[in-house]
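Q: Take a look at the letters that make up each chain.
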Amino acid sequence: MVVGKYKTQLFDKNINDYLPSSPGIGMHVLIRDPENNVILSKTYQAEGRFTFTSHSPGEHTICLYSNTTKWFMGGKLRVHLDIQVGEHANDYEQIKSKDKLSELQLRVRQLLDQVQQITKEQNYQRFREMRFRDTSESTNRRVFYWALAQLAILAVTGFWQMRHLKSFFEAKKLV
Amino acid sequence: MMHLHLSWTLLVYLVIFSSRDSSCFASEFTFELPDNEKQCFYEVREKDEECLLEYQVVSGGKYDVDIQVRDPGNRVIHQDTKKQYDTFTWKTSASGAFTFCFSNEFSSFSHKVIFFGISCGDDPMLGGEDDDRPGAMTQMEANTLAIFESLKAVISYQTHFRLNEFTGRRVANGLHNRVLWWSVGEIIVLLSVGVGQVLLVRSFFSDRKNVGSSGPGGKVRIGV
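If you're matching them up, the sequences are chains G and U in order.
So in our numbering, spot 28 of the first sequence is number 145, and the numbers just go up one at a time.
So in our numbering, spot 223 of the second sequence is number 244, and the numbers just go up one at a time.
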């Protein structure tokens, strides 16, 4: 699960600094999964929070568009972006006080989280290798069949050309 | 892997946490840099922090990018051109917003996907203030710390492996598609040239009825 939080601040030329909050500015969030399908498309206010859960492994695309027309006066917008992925957002101080762990237990918990992350990544790589192998084999097949097809087309075309021209010249009584 | 596309002139302040702790900070970011553009990211850090910046171009063109790092006083503390992968460590001399600018202005048609990661501060010292046993660690604690460091290295290797796999996969997919389009295109060209040649030769002999006879002074050209 991925949680994204953003906060926008508009630059105010009068005070030459960024306003603490910029009402009226909306940000449109568009999230695509690895197959380029849109899994989230929503407009939030100047400060917003969006979450999504990835159902397939791969590169997800997160796009933020501002939908305000105040842009065109040549302004600047400061965007604070905070994206937390899965269990990376572990706050160990909080876990320690909530579960009342000793330092060693906390360290072991941290090691467990690390190992889990490594395992997840390795599973992902195994999936990737399988897809890569499929793609490479498909490319190999395409090149092979293309070579055969090219030979066939060349042979057929040459043969047809000669036959057609021969009959044409015979009809014209040149041969 | 997160992939963010920025539009207009947004100043993106990174508060991307991969570990939530006040004493250490780490964030990774993968973004797309269009051709002929420069994009900057900002991070607010305190003074006297050891920071490490790492970046890699994973897709696009000749896999190179220019980088410039500026401190809060807008002085350039690091600058490099056309690197595919590099790391840079520095100690923050002032607190404020540091600027990391990636530039693709030298390339006119290849947009690039760039991964970069910033990590500052030391690892969280678990326990901290309420540790009533200062001094040497027990054997167990030392071992777990060693395991922690090793696993950190493993995760770092995995990140690089994932980036390299992404690069390779992009190239393989591009090749896959290009083979298809090339085959289709060449079939069309072959057939049209083959038929066109015959039609052209026929047209040499069809327009003038007397070219067919080989009279004196007449020049007959057969074939191409």
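There's no promise every hint is true.
To be verified - Mimicking BS3-like on lysine-lysine, the simulated pairs with C-alpha atoms at most 25 Å apart in a straight line are:
#	chain 1	residue 1	chain 2	residue 2
1	U	K59	U	K104
2	U	K112	U	K68
3	G	K124	U	K83
4	U	K173	G	K213
5	U	K59	G	K130
6	G	K130	G	K159
7	G	K237	U	K83
8	U	K103	G	K193
9	U	K83	U	K112
10	G	K193	G	K124
11	G	K122	G	K217
12	G	K130	G	K215
13	U	K59	U	K83
14	G	K159	G	K122
15	U	K68	U	K83
Said to hold, decoys possible - Where chain G lies over chain U, by a calculated footprint (3+ residues, C-beta under 8 Å):
#	stretch
16	99-107
17	111-120
18	187-195
It is worth saying that the hints were derived from the structure and are not from the lab.
Note that CB positions come from ideal geometry on N, CA and C, so glycine has one too.
Q: Indicate, hint by hint, whether the structure satisfies it.
A: Status of the hints after comparison with the structure:
1. U:K59 - U:K104: Within the cut-off at roughly 15 Å; holds.
2. U:K112 - U:K68: 8 Å, holds
3. G:K124 - U:K83: Given that 25 Å is the threshold and the Cα spacing comes to 35 Å, the pair is violated.
4. U:K173 - G:K213: 21 Å, holds
5. U:K59 - G:K130: 23 Å, holds
6. G:K130 - G:K159: 30 Å, violated
7. G:K237 - U:K83: Distance ~31 Å between G:K237 and U:K83 Cα, so the pair is violated.
8. U:K103 - G:K193: Since the Cα atoms of U:K103 and G:K193 sit roughly 28 Å apart, the hinted pair is violated (cutoff 25 Å).
9. U:K83 - U:K112: 31 Å, violated
10. G:K193 - G:K124: 14 Å, holds
11. G:K122 - G:K217: 29 Å, violated
12. G:K130 - G:K215: 46 Å, violated
13. U:K59 - U:K83: Distance of about 17 Å is within 25 Å: holds.
14. G:K159 - G:K122: 14 Å, holds
15. U:K68 - U:K83: Cα-Cα ~37 Å, so violated.
16. 99-107: violated (count 0)
17. 111-120: With 0 residues close enough to chain G, the hint is violated.
18. 187-195: Our answer is that it holds, as 5 residues pass the Cβ test (under 8 Å) against chain G, meeting three.
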